[in-house]
Each structure stands twice: as structure tokens, then as C-alpha cells.
Amino acid sequence: MTGNIGRFFEDYEIGEEISHATPRTLTEADNSIYMSIYPTRFAVNSSKEFAMACGFKDRPLDELIVFHTVFGKTVPDISLNAIANLGYAEGKFFRPVYPGETIRAYSTVLGLKQNSSGNSGLVYVRSRGENQNGKLVLEYTRWVMVKKRKPLDINFKNKIPELSENVNSCDLQIPYDLNFLEYDKSMAGSDKGFDDYIVGEFVDHVDGCTIHESDHLFATRLWQNNSKVHFDTNARVDNKRLIYGGHIISLVRALSFNGLENAQIVFAINGGSHVNPIFAEDTIYAWSEVLEKFDFESRNIAALRLRSVGSKVQDNKMQLKDKEGKYLPNIILDFDYWVLIPKFHKRS
Amino acid sequence: MTGNIGRFFEDYEIGEEISHATPRTLTEADNSIYMSIYPTRFAVNSSKEFAMACGFKDRPLDELIVFHTVFGKTVPDISLNAIANLGYAEGKFFRPVYPGETIRAYSTVLGLKQNSSGNSGLVYVRSRGENQNGKLVLEYTRWVMVKKRKPLDINFKNKIPELSENVNSCDLQIPYDLNFLEYDKSMAGSDKGFDDYIVGEFVDHVDGCTIHESDHLFATRLWQNNSKVHFDTNARVDNKRLIYGGHIISLVRALSFNGLENAQIVFAINGGSHVNPIFAEDTIYAWSEVLEKFDFESRNIAALRLRSVGSKVQDNKMQLKDKEGKYLPNIILDFDYWVLIPKFHKRS
Amino acid sequence: MTGNIGRFFEDYEIGEEISHATPRTLTEADNSIYMSIYPTRFAVNSSKEFAMACGFKDRPLDELIVFHTVFGKTVPDISLNAIANLGYAEGKFFRPVYPGETIRAYSTVLGLKQNSSGNSGLVYVRSRGENQNGKLVLEYTRWVMVKKRKPLDINFKNKIPELSENVNSCDLQIPYDLNFLEYDKSMAGSDKGFDDYIVGEFVDHVDGCTIHESDHLFATRLWQNNSKVHFDTNARVDNKRLIYGGHIISLVRALSFNGLENAQIVFAINGGSHVNPIFAEDTIYAWSEVLEKFDFESRNIAALRLRSVGSKVQDNKMQLKDKEGKYLPNIILDFDYWVLIPKFHKRS
Numbered sequence: 001m002t003g004n005i006g007r008f009f010e011d012y013e014i015g016e017e018i019s020h021a022t023p024r025t026l027t028e029a030d031n032s033i034y035m036s037i038y039p040t041r042f043a044v045n046s047s048k049e050f051a052m053a054c055g056f057k058d059r060p061l062d063e064l065i066v067f068h069t070v071f072g073k074t075v076p077d078i079s080l081n082a083i084a085n086l087g088y089a090e091g092k093f094f095r096p097v098y099p100g101e102t103i104r105a106y107s108t109v110l111g112l113k114q115n116s117s118g119n120s121g122l123v124y125v126r127s128r129g130e131n132q133n134g135k136l137v138l139e140y141t142r143w144v145m146v147k148k149r150k151p152l153d154i155n156f157k158n159k160i161p162e163l164s165e166n167v168n169s170c171d172l173q174i175p176y177d178l179n180f181l182e183y184d185k186s187m188a189g190s191d192k193g194f195d196d197y198i199v200g201e202f203v204d205h206v207d208g209c210t211i212h213e214s215d216h217l218f219a220t221r222l223w224q225n226n227s228k229v230h231f232d233t234n235a236r237v238d239n240k241r242l243i244y245g246g247h248i249i250s251l252v253r254a255l256s257f258n259g260l261e262n263a264q265i266v267f268a269i270n271g272g273s274h275v276n277p278i279f280a281e282d283t284i285y286a287w288s289e290v291l292e293k294f295d296f297e298s299r300n301i302a303a304l305r306l307r308s309v310g311s312k313v314q315d316n317k318m319q320l321k322d323k324e325g326k327y328l329p330n331i332i333l334d335f336d337y338w339v340l341i342p343k344f345h346k347r348s
Numbered sequence: 001m002t003g004n005i006g007r008f009f010e011d012y013e014i015g016e017e018i019s020h021a022t023p024r025t026l027t028e029a030d031n032s033i034y035m036s037i038y039p040t041r042f043a044v045n046s047s048k049e050f051a052m053a054c055g056f057k058d059r060p061l062d063e064l065i066v067f068h069t070v071f072g073k074t075v076p077d078i079s080l081n082a083i084a085n086l087g088y089a090e091g092k093f094f095r096p097v098y099p100g101e102t103i104r105a106y107s108t109v110l111g112l113k114q115n116s117s118g119n120s121g122l123v124y125v126r127s128r129g130e131n132q133n134g135k136l137v138l139e140y141t142r143w144v145m146v147k148k149r150k151p152l153d154i155n156f157k158n159k160i161p162e163l164s165e166n167v168n169s170c171d172l173q174i175p176y177d178l179n180f181l182e183y184d185k186s187m188a189g190s191d192k193g194f195d196d197y198i199v200g201e202f203v204d205h206v207d208g209c210t211i212h213e214s215d216h217l218f219a220t221r222l223w224q225n226n227s228k229v230h231f232d233t234n235a236r237v238d239n240k241r242l243i244y245g246g247h248i249i250s251l252v253r254a255l256s257f258n259g260l261e262n263a264q265i266v267f268a269i270n271g272g273s274h275v276n277p278i279f280a281e282d283t284i285y286a287w288s289e290v291l292e293k294f295d296f297e298s299r300n301i302a303a304l305r306l307r308s309v310g311s312k313v314q315d316n317k318m319q320l321k322d323k324e325g326k327y328l329p330n331i332i333l334d335f336d337y338w339v340l341i342p343k344f345h346k347r348s
Numbered sequence: 001m002t003g004n005i006g007r008f009f010e011d012y013e014i015g016e017e018i019s020h021a022t023p024r025t026l027t028e029a030d031n032s033i034y035m036s037i038y039p040t041r042f043a044v045n046s047s048k049e050f051a052m053a054c055g056f057k058d059r060p061l062d063e064l065i066v067f068h069t070v071f072g073k074t075v076p077d078i079s080l081n082a083i084a085n086l087g088y089a090e091g092k093f094f095r096p097v098y099p100g101e102t103i104r105a106y107s108t109v110l111g112l113k114q115n116s117s118g119n120s121g122l123v124y125v126r127s128r129g130e131n132q133n134g135k136l137v138l139e140y141t142r143w144v145m146v147k148k149r150k151p152l153d154i155n156f157k158n159k160i161p162e163l164s165e166n167v168n169s170c171d172l173q174i175p176y177d178l179n180f181l182e183y184d185k186s187m188a189g190s191d192k193g194f195d196d197y198i199v200g201e202f203v204d205h206v207d208g209c210t211i212h213e214s215d216h217l218f219a220t221r222l223w224q225n226n227s228k229v230h231f232d233t234n235a236r237v238d239n240k241r242l243i244y245g246g247h248i249i250s251l252v253r254a255l256s257f258n259g260l261e262n263a264q265i266v267f268a269i270n271g272g273s274h275v276n277p278i279f280a281e282d283t284i285y286a287w288s289e290v291l292e293k294f295d296f297e298s299r300n301i302a303a304l305r306l307r308s309v310g311s312k313v314q315d316n317k318m319q320l321k322d323k324e325g326k327y328l329p330n331i332i333l334d335f336d337y338w339v340l341i342p343k344f345h346k347r348s
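Respectively, the protein sequence lines represent chains A, B and C. Residue 4 in this note's numbering sits at position 4 of the first sequence, and the numbers go up by one each step. Residue 138 in this note's numbering sits at position 138 of the second sequence, and the numbers go up by one each step. Residue 184 in this note's numbering sits at position 184 of the third sequence, and the numbers go up by one each step.
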């Protein structure tokens, strides 16, 4: 008998529903371990009292813990034989996850596109995470390049789904009792609110962090992501452990605290590109660009659409692409997402 | 004044009872940290709801956390001056340990056998873990080779205990309200139940994991195991940190998920041999052999006796020993134990 | 926009009150992660039942977790541009911190002293930690050498606060319902109590621990200490990660268990000097000197004032300084503090 060796391109069917094992109960401990892995300091995830003053029932799990947990569960069924994780789109967080809640994950196959080489194909899935009561907590689309079992197999009828490039501000809803009416700026670490950020502005997050091999191993296991390339040094020809892309998302988000201290909650993920692979001992710096703004005009809640970028060099010019529109070689992550941020009353 | 330098062979007496310091309260956090160290995905330890559907009061601590915690407490009194940890036998888990419970450990000296060299001797102990109410949770026998204080001391009256090589299926009891009547196979990750495994069959667990130095250090400290060879690079002539044998047991058990997804609970430990030492950056693969089967004929509960093997090479032939009956040099663990597994109704 | 680049010497004013971001809720998980990082085995922090038998309401967080948490919060405002963390004094712990409590940190600028070079100056602050109810849990003074923004700026009126070198025994109070009346010595790991230690006596803690790079990274992040030199290998000319001094305090305290098993609670910090920098793969040994004794003459509670020393070599002579009174090059920490220890009834 042989354990799961993973699916190949031919093993997917359009419309197929996949239930992913194993449900995972998240606790206070997952928040603390997350804080021991990433230099994050956002007040909502750090302080129970701060979170409750914002209308949460308890200190919620960091949204990226929820994202990684759902993602990790999809790996054995979707990306064990993936050549590359190509992109995300249409990601939305629907409700907070509190300590003690359990996440289950499901995916629907949206599209299949055989590559011209015949060796592999793109698999598009819509994945969702539900809590123990079957309530939706997160939904996102991703597409991966998956090996074919029989490379020179017959012709194939491609189906590529239409994807929106970003979650429009008109789609944004505040699905829970969030409020920023009694927001303590000094405890949050900054008095910069919604009105202090301008569309087109760049924020330099100053700090850098050199990734240690242990950082991503503990993180990736915590989310029960069992992709071989992260753990088995025999899985790649260079015998290196490839760092899980989501690790970089969390690291860049944590670094972004310095300059975006009040951007408390990740609310939607429009897209993410892992531009270059990352290995231990690389040092990551981050900057953000304000792409869009939206004011809910309720309970002091507003939103920023940000592009946060991870880079292997500290670049004061915060340059993303070269003249031909190609990513610079130092860029490792281009992440487009919405955050919730308080709108402070005008200062005199 | 000098702290504890550990006992020597002469310091033990047959029948002696040793109370080990320090009691340890285990929590949800220990489960989460365990999941961040080992790639484990068994549903009972991962999901509170899954565990409760199986009759548990809460998500139990992984049984191996309990084993390592008891083992760790015995180290200062039993194996601080051990040359080698030679074997385990007659291990039984008597009840689940839930978050918030506290483990105490005790040992009784069962046997003493001086080696012919006169430099060392075998110490046989029966160790047990109790919870905060004094209820037995785990019992096992182990024997270690311990240095003598005075190598050329007088002759010694050996006493070697009789040990059963395995826990017989007739000794197995289900000591708690376990039931597999409403078992969710898709969430557990596989539809292979008791009837799908045949005595003599081998299961290839496919995945490998390269051990990083940080993995075993965090694990071994978590269990308060203070054996010098794991932590002080001056303790061995090669200046390497020796990996705690129990780390390999947990790693092989975690890897065994792939192929034994429904083998939810480790129930008894018949024996374990750490065949070769292991150091950081070694990659471990695993396979299992089904040694015996037992059907409780109650609440869909059945048991498999498994030999799970850890190997430094991925060997499709799953070979354990050479023609002379000696372990192959790539073998690092030979672990013989019972697991509880559901018996599914026959599929048409 | 640019994130916080840290304050310079000119940015402080005598008497200024600084509220530090971000509050941090500490949980059982922080205790468990602490135990996975340091080889600590003190019974009060390890066992809920043991702690409650000593009068605690629950298992308290290790006092050094509280110290590091408060310290970490002060870093962005006090020591981001620090050249050196020079000393601590007058540290007192006022009440236990239990899982679920939230720590906020505040500092008052006590003194400023420009260095003769004009390039930097000493900043003296009194920092305090409060719980979610605004109750004081910890207070201490520290002084750091901070870079000047404009090195050749005008003359400066120095103000240096008077600091007591130690917390006098007459200042010691037991601020909570602690009692050692039903103390279980065998579970604590030793029968050595207050009367077994003599002023002037040295205790050899026997064990050593080689620090792995991952150890201090996880610890320092856990306390949200974002000082660049610990995380960004570009921050120092030697491209090494400097180990946070507090990591050594925790490691030496953990090693001191072997010989001071009943020194359950750190109660006051008189002073601490980080004599030499420490990097990964250094091995740390520890010894302690009994400096002073104090008997509360109530509920079997007594106190020892200890000097615990961390050393890069295992020195049976336990020598601290050379003939000229300079620290030996192997010494890395000289830590002066009070611990609470039970006074056992005289043994016959």
C-alpha cells in the first residue's frame, strides 16, 4: 500500500468539489506562535482588550493564520505535484476566527488549461474555509501549474474562468460588529489614520528581517502544509528548502506595521505574485503603495487598498519594475489587498 | 554547592521508588507547538469537534506528548549519565490527557545488571505518569546503560526482570468512552479502515522530512528533557547535538499519516529500538508493516499492531535487516506499537 | 511616508512620559513557548496545581516573560538607535501575571547625559508594566547609550538620576497570597531550602547549553522586541545577529534550576550587566553566589539575594573578575536579583 502521492493534472474535473482533510482547531497558542515567528505588532491581534474595544468578542486569530490554515489543507489535494503556485484572486474574509474555533477547507475546480508543452496544466480552484458551524470565514481563488501524469496525452478542452482582478470597494462589507469609535491611538502605536494616506503615496516600512531556516519550517508545519519542497532537501535539485510563499506574505504584512500601524485588519486579497523564490538567510525589506481608498462612513471605519512589496534590497526609491515592465530581480512579493483602518476626527 | 550531576549505576536499588520533578501542566499550546514541530495531521488531535464526535471530552493532547513529558521527567534521575537508551517495552496508555491537566512521573527500579567490563550496567525501570488526580495515564518499562562511579568495584548480584515483548491483544482495553460510530472519513483524510489493512502488508508513507537543528531542540526542551548530549555541543567528542530518540518516534508517527490516516490513537508501545544515531540535516522517510490485527467488536473500534520504521533513505523495498539479521545502516528506528482505527461497514 | 526610524538623544526631555505600543495579552501559550526555548523547570511555572498550592490563583507567567514583554515594548521608543544597553536597577515585580492578562508599558525619562564625544548620550528611563486593570506589575530603571541626531550640537545640561544599587531587603514585600506552608519538595526537585544556603556560598549549576540561532529569534520576536541588530544581518558590520541580552538572563535563570530548584520566584532585579556580546553557537554555563538572605518570618517564605553569572567556559573556580577588577573575557552576564524560596522546618 502506498500513501497519497498527490493528484496530477488529469485527475481534476471541472465543477468537482473536494473536501480537504484535516479540520484544525485554532487557539490562543496559534496566535502566540505566530507572534514568535513574525515581528507583528498590530494591536487587534496583540491585545484582547484592544480587540474587544473594537467590537470583537475576543482577540481574533490573525487573518493570515486563517488564510494559511485553509491554504495548507488544500495542499495534499491541489498542489502536492505543483510546479508553481501562480496566483491568487478574489480573496475575501467574511468573519473573524476566535480561539477555539475549528477550520475546515473545501475547493471547487473552476478551470483547467493544458500547457502547450503537454507536460503540465493550470488548475484553477475556488477554495473556502468554514468554521465549526459551517459558516464561511474565507474564500479565494488560486491557480497552480500541476504536472501531468502522462505528458503526451490527447488534446484537452480548456476552460479558463473569468477572474476579477480585484475586490471592488463596492463589494466590501463589514460583516461583524467592528467599530473604531473608541480607538486608542497611543496603544496602537501611531496617530496616522485614513486621512493621512493619499492614493499614490508610498510608505517605506524601514525595517528588514533576515529569514532563518527555522522561521518558515515552524510556520509551514503549523498550517499543516506538507508540500515536499519546503521540508525534504531531496525534493529540489539544489537541495535547498524552498520557503512557502505565504511565509513572505506574513513577513511583509508584519514589517508593514512600521508605517501602517493602524491598518488593523486584512479584509480582502485582490492578488498576490511570488515574483522570485526565497531561501533562508535572504533579508526582506518592505514598502507599500496606497492604490485606493474607501470610507464606509460608519463607526469611523475606512479601508485602504494597498500594494505591499517584499524586496531583497532596501530601496528608498521603492521601484517595482524595470522600463520593460518586468519585475526587478530583487522583488519577491507583489501583494494587493484591502485593510480596515480607523478614520480619525480631523485634527485642528 | 553543586547541582545534580546525575546518578551512577551504584546509586540504584532494586525496588526503589523515585518521584521525578517537576510536574508539568499541559495545555492547548503544547498541542499547537507539537504541530509546529512535526508534520502531523491526525484528526483527533487536530480538531476539537472531530475528537468530541469520537467520544473525547475535548481535543486530547497527542499521546506522544504525554510519553515524552513522562520520559523527560525521568531523565535527571535515570539517564543523565546514560551511555545509551537501549529499549522500551510494555508501554500502555490508560486515559486521554486533556488541556489543563498536569502530569507527574514516578519510576520503580526493576532490575540491575552489571556489564562484564565492570564500567557500566543496565538499569531497568518501570516508569509511570499520573494526572493531577493521581490517575494513571501511562506506564512503560525502559532500560538504559548507565556509567559506574567506580568502574572496578566488587562483584554484583544481577537481577534482570522478565519483560513481555509485546502487549498482547487480549490485554488491550478501551479505557474511555471512545467510539467510531459517527466517523467522518473525508475530514480524517482517507477511507481506508481496519478491513483495508492485511497482516504482513507494508505501507509506504511516501514523504520525507529533513530534520533541522531547531526542530529537536524546541521539542526536547518542551518536554523538559535536560540530557546534556542534546543541548551542549561540548558533551560529545564530535561536538554535535545528538537528536533525542523520541523526536524520531514523533516524526515517524507524523509521516505515517500518509497511508495510515485513520490510525488515530497510539494505544500501546510494545518496543522501540533507536538503531542508529541521528543528527540535524538527516532526512527521514518512513514505512510500516502490519504485524497483527484485533477487532474490539464494539463501537466500530479495532486495532492494528504496527512496526513503523524510520530510514535515512527512501527504500521502495522497505527492507529492515540484512541476510545476517542485522539492521541495515540506513535504518534509524524500529518501533512496534498498537493503534486504534475505525472498522468501517463493508463497502459494496 | 516613512515608518518610525527611532528617536535620537535630542528627542528626549526630562520628565517626559512615553506610552509604548502595543499592549500584549499573555496566555498559557507564552508559558509553553518559553519552556520550549529555555530549559526551565521551576515548579511554580510548570504546574498549575503546584502554583495553586503556593497561593497563586492559577499558574502564573514566568516573571521573566513579564520583564521581556515590558522591555520589548519600550524598544521602539527608547532603544531603536541605542549603541548599547548599559544597565538595569531598582527592578521590582509587584504582582503575578496570569494567563489572559494584558500588559501595557510606559516609561518616564529620568536623566540625560551627553557623552564627552558629543556623538551620543545616556538616556535613563523608569519603565513600568501595568495589567489590563491599570495595576502595576513591574517597574525598573534602565539606561542606554543613544546616538545623537546632530553629533556636534551645542552644550547640554546633564541630569543624572540617583539610583540605588540594589533593592534593600527592607523594601521587599510579599504583595500577594503566597505561602510555602504545603510545599512539595519532591515535586519541586530538591530538599534544599533557605537554611541550606549560606551568604558567600557559590552554587555550580553544572549544565551548559549551546545557543542555537533559532532560540533567540523566537524568543525576541515573542516579546515584540524589534531591535534591528537581532534580526537584520545587515545591521552590524560583522553581519551577525546579536543575541538580545535578556535571552541570556532567561537562559542563566533556567540553568540555575540545577542547584536552586526551590528558588521559585524572581522578586526584584538589583542590577544586570551584559559584560560581553553573545552569538549563536556560544555555549553558556552558569553559577550563582549567595549575596544576602532575608527571612519574612511568615508562611515559610524567605528570600535570597543572588548574583547569577553566565560564562562561556565551565569554570569550577567560579571566578568573575581578574586581579584588576575587570570581568574575565569568558563572563557574559552578571545578574543581581532577589528570589523567593521556602524555609523548611529543621530536619533532625
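What the hints contain is simulated information worked out from the structure, not anything from laboratory work. Incorrect hints may appear among the rest.
Intra- or inter-copy, both count: the list cannot distinguish identical chains.
To be verified - Below, computed lysine to any residue pairings styled on SDA-like, alpha-carbon distance capped at 25 Å:
| # | residue 1 | residue 2 |
| --- | --- | --- |
| 1 | Lys159 | Glu213 |
| 2 | Lys148 | Asp204 |
| 3 | Lys326 | Leu122 |
| 4 | Lys92 | Glu16 |
| 5 | Lys321 | Asn133 |
| 6 | Lys159 | Leu178 |
| 7 | Lys135 | Ser186 |
| 8 | Lys240 | Pro277 |
| 9 | Lys240 | Val313 |
| 10 | Lys147 | Val206 |
| 11 | Lys135 | Lys293 |
| 12 | Lys185 | Gly134 |
| 13 | Lys293 | Ser117 |
| 14 | Lys185 | Ile14 |
| 15 | Lys343 | Thr108 |
| 16 | Lys293 | Arg307 |
| 17 | Lys312 | Glu130 |
| 18 | Lys240 | Lys312 |
| 19 | Lys240 | Glu213 |
| 20 | Lys147 | Ser190 |
| 21 | Lys228 | Gly245 |
| 22 | Lys185 | Arg126 |
| 23 | Lys317 | Leu80 |
| 24 | Lys293 | Phe279 |
| 25 | Lys185 | Tyr327 |
| 26 | Lys317 | Ser117 |
Intra/inter-copy verdict for Lys240 and Pro277 if alpha-carbon distance must be at most 25 Å: Answer is both: 11 Å inside a copy and 23 Å across each meet the 25 Å cutoff.
Intra- versus inter-subunit Cα pairing at 25 Å for Lys228 with Gly245: both (14 Å within a copy, 23 Å between copies)
Same-copy or cross-copy closeness of Lys240 to Lys312 [CA-CA at most 25 Å]: both (18 Å within a copy, 17 Å between copies)
Homo-oligomer pair classification [Glu213, Lys159; C-alpha up to 25 Å]: Neither. Shortest intra-copy (39 Å) and inter-copy (46 Å) distances fail the 25 Å Cα cut-off.
Copy assignment of Lys185 with Gly134, given that the CA separation must stay at most 25 Å: between (36 Å within a copy, 17 Å between copies)
Identical-chain pair category, Lys135 with Ser186, by Cα at 25 Å: between (35 Å within a copy, 18 Å between copies)
Within, between, both or neither, where Lys312 and Glu130 count as close if Cα-Cα is 25 Å or less: neither (35 Å within a copy, 39 Å between copies)
Intra/inter-copy verdict for Lys240 and Glu213 if alpha-carbon distance must be at most 25 Å: both (10 Å within a copy, 15 Å between copies)
Homo-oligomer pair classification [Val206, Lys147; C-alpha up to 25 Å]: Between copies only: 18 Å across chains, 40 Å inside a chain, cut-off 25 Å.
Homo-oligomer pair classification [Lys293, Lys135; C-alpha up to 25 Å]: Cα proximity of Lys135 and Lys293: none, with 29 Å in one copy and 40 Å across.
Up to 25 Å CA-CA - Asn133 versus Lys321, copy category: neither (45 Å within a copy, 50 Å between copies)
Intra- versus inter-subunit Cα pairing at 25 Å for Lys293 with Phe279: neither (34 Å within a copy, 45 Å between copies)
Hint compliance for this structure: hints 1, 5, 6, 11, 13, 15, 17, 24, 25, 26 are broken, all remaining hints hold.
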